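Engineer: Here is what each chain is made of, one letter per residue.
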Amino acid sequence: MTRLGVPALSLTGLLLLWIVAAALTADPQVLPQPFSLIGPWLAEIRSGALPYHLGHTLVRVLWAFGLAMTLGMVLGLLMGRFEGLNRWLDPWLVVFLNLPALVLIVLCYLWIGLNETAAIVAVTLNKVPNVTVTIREGARAFSRDLDAMARVYGMSGWARLRHVLLPQLAPFVAAAARGGVAVIWKIVLVVEFLGRSSGIGFQIHLYFQLFDVGMVLIYALSFIVVMLAVEWLLLQPWERRARRWRAA
Amino acid sequence: MIRVDIRAKSFGDTPVLGPVAFQIAPGETVAILGPSGIGKSTLLRIVAGLDTDYQGSVTRPDRLAMVFQEPTLLPWRSALKNLTLVHRGLSRNSARDMLARVGLADKETAFPGQLSLGQQRRLALARAFAGQPQFLIMDEPFVSLDPATADAMLALTERLIAEHRPATLFVTHDRAEADRLADRALDLAGRPATLSPTR
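Sequences listed follow chains P and Y, in order. Note that UniProt numbering gives residue 241 to position 241 of the first sequence, counting from 1, and the numbers run on in steps of one. Note that UniProt numbering gives residue 86 to position 86 of the second sequence, counting from 1, and the numbers run on in steps of one.
Since the hints were made in silico from the structure, they are not lab data. In this text the structure is predicted, and so the values were computed from the model without any measurement. Hints should not be assumed to be uniformly reliable.
As the list claims (entries may be wrong) - Below are the SDA-like pairs computed for lysine to any residue, each with C-alpha atoms no more than 25 Å apart in a straight line: (1) Y:Lys-107 <-> P:Trp-232; (2) Y:Lys-81 <-> P:Trp-92; (3) Y:Lys-107 <-> P:Ser-10; (4) Y:Lys-81 <-> P:Asn-98; (5) Y:Lys-107 <-> Y:Leu-50; (6) Y:Lys-107 <-> P:Arg-244; (7) Y:Lys-107 <-> P:Asn-98; (8) Y:Lys-81 <-> P:Ser-10; (9) Y:Lys-81 <-> P:Ala-174; (10) P:Lys-186 <-> P:Arg-144; (11) Y:Lys-81 <-> P:Gln-29; (12) P:Lys-186 <-> P:Trp-158; (13) Y:Lys-81 <-> P:Leu-233; (14) P:Lys-186 <-> P:Ala-247; (15) Y:Lys-107 <-> P:Trp-245; (16) Y:Lys-81 <-> Y:Ala-25; (17) Y:Lys-81 <-> P:Glu-239; (18) Y:Lys-107 <-> P:Val-183; (19) P:Lys-186 <-> P:Leu-228; (20) Y:Lys-81 <-> Y:Gly-34; (21) Y:Lys-107 <-> P:Leu-233; (22) P:Lys-186 <-> P:Leu-78; (23) Y:Lys-81 <-> P:Glu-231; (24) Y:Lys-107 <-> P:Leu-228; (25) Y:Lys-81 <-> Y:His-164; (26) Y:Lys-81 <-> P:Val-226; (27) Y:Lys-107 <-> Y:Arg-60; (28) Y:Lys-81 <-> P:Leu-228; (29) Y:Lys-81 <-> P:Lys-186; (30) Y:Lys-107 <-> P:Val-226; (31) Y:Lys-81 <-> P:Trp-158; (32) P:Lys-186 <-> P:Arg-241.
As the list claims (entries may be wrong) - From the structure, some residues in chain P lie toward chain Y, with a derived Cβ separation under 10 Å: (33) Val-74; (34) Leu-78; (35) Arg-162; (36) Arg-246.
For glycine and all other residues, C-beta sits at the position ideal for the given N, C-alpha and C.
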């Protein structure tokens, strides 16, 4: 009732709300009933279109997520540890934090071209500043006592990173990752909407022009299902494992 | 031989330590006595090489160990890993052996949070001696323990020092503790603090 029951019940509530809203709207052009989407959804899977576009979007999300987390963690760690570097890079961070996603996307397409590299670079650049800020907070909160311990006992740089620093950073990494995935896939859709010929965002663009609310919902919801699976099957189990020592 | 020759140490404009010089022979245990806030921990941090912002010089061996006021363990790693991760060359068997010698034989998979404060202190001692240190530094290792636990810890420390014979420097504000553990004791007093042979 706690770990699976509550989320299931809460999602059923959302579904009920949709059904009631669709019944009140009484116009499938505007808001179709959820069960009326099952047929087209299965047809879309069977034709291969949905898996194809979902796959493309997923690959872009994974690339951008991996790059943004790596760059953001390196930058955040360095900026949190070295105040001098932080003073130099902080203004840049503020600039990039406040640069609208759309501006970065358009500029990347203009400068790099309408290609995959531009798409992934645009998404990565949008996310790096947020990851950096979160990780920097974590790096600033490092325990000075453990630092002293690691130095006295001459722990190697790698051992220190893996066993002393990263465990302290784990809650911040989890927060950055959770916020990261959600934001990244939304930006990936915009990138696809504007300049790619594959992916969920491209399909949504297509069905937007055809005023097909049903298909827009099918594509969006399919990806949400994938993200829920990632959250429940990867992110939460990893977090539970990383937090084991606290519960003990 | 450990040589400490500090000429001065200050925090900003506030001088904390004046001339402080002493030597510790291999196997010798030296206690530094003084009231809290006099600069004992500052002196230890300089001797341990954690603070390099001072005038003077310190000669120390490579294999150091330090027991801090707090246990300062890795809370996210098991008791056994707290030994093997810190000491690269330490085998699991020697680590288990070390845990047994401080009375934590059945606790190797426990996280530090599952141990009592006394047990955490003993784990910190095990970590210090597991590396076969040439020089052991202890910063008030028996504070905030109840008298019985403190006495047991003191006895354990005495035994471990006798077995391993590292050069040992420890600070305390308790003269009885110093008399029991140390070959000689030095008083840290004044402002800025300097050393004088103990009464």
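Engineer: All hints, please: hold or fail.
Structural biologist: Okay, the hints, checked on the actual structure:
| no. | hint | in the structure |
| --- | --- | --- |
| 1 | Y:Lys-107 <-> P:Trp-232 | violated (33 Å) |
| 2 | Y:Lys-81 <-> P:Trp-92 | violated (41 Å) |
| 3 | Y:Lys-107 <-> P:Ser-10 | violated (42 Å) |
| 4 | Y:Lys-81 <-> P:Asn-98 | violated (44 Å) |
| 5 | Y:Lys-107 <-> Y:Leu-50 | violated (31 Å) |
| 6 | Y:Lys-107 <-> P:Arg-244 | holds (17 Å) |
| 7 | Y:Lys-107 <-> P:Asn-98 | violated (51 Å) |
| 8 | Y:Lys-81 <-> P:Ser-10 | violated (42 Å) |
| 9 | Y:Lys-81 <-> P:Ala-174 | holds (24 Å) |
| 10 | P:Lys-186 <-> P:Arg-144 | violated (38 Å) |
| 11 | Y:Lys-81 <-> P:Gln-29 | violated (62 Å) |
| 12 | P:Lys-186 <-> P:Trp-158 | violated (35 Å) |
| 13 | Y:Lys-81 <-> P:Leu-233 | violated (28 Å) |
| 14 | P:Lys-186 <-> P:Ala-247 | violated (34 Å) |
| 15 | Y:Lys-107 <-> P:Trp-245 | holds (14 Å) |
| 16 | Y:Lys-81 <-> Y:Ala-25 | violated (32 Å) |
| 17 | Y:Lys-81 <-> P:Glu-239 | holds (21 Å) |
| 18 | Y:Lys-107 <-> P:Val-183 | violated (44 Å) |
| 19 | P:Lys-186 <-> P:Leu-228 | holds (14 Å) |
| 20 | Y:Lys-81 <-> Y:Gly-34 | violated (35 Å) |
| 21 | Y:Lys-107 <-> P:Leu-233 | violated (32 Å) |
| 22 | P:Lys-186 <-> P:Leu-78 | violated (28 Å) |
| 23 | Y:Lys-81 <-> P:Glu-231 | violated (30 Å) |
| 24 | Y:Lys-107 <-> P:Leu-228 | violated (39 Å) |
| 25 | Y:Lys-81 <-> Y:His-164 | holds (22 Å) |
| 26 | Y:Lys-81 <-> P:Val-226 | violated (37 Å) |
| 27 | Y:Lys-107 <-> Y:Arg-60 | violated (33 Å) |
| 28 | Y:Lys-81 <-> P:Leu-228 | violated (35 Å) |
| 29 | Y:Lys-81 <-> P:Lys-186 | violated (42 Å) |
| 30 | Y:Lys-107 <-> P:Val-226 | violated (42 Å) |
| 31 | Y:Lys-81 <-> P:Trp-158 | holds (16 Å) |
| 32 | P:Lys-186 <-> P:Arg-241 | violated (28 Å) |
| 33 | Val-74 | violated (22 Å) |
| 34 | Leu-78 | violated (21 Å) |
| 35 | Arg-162 | holds (9 Å) |
| 36 | Arg-246 | holds (7 Å) |
Hints 1, 2, 3, 4, 5, 7, 8, 10, 11, 12, 13, 14, 16, 18, 20, 21, 22, 23, 24, 26, 27, 28, 29, 30, 32, 33 and 34 from the earlier list are contradicted by this structure; the remaining hints agree with it.
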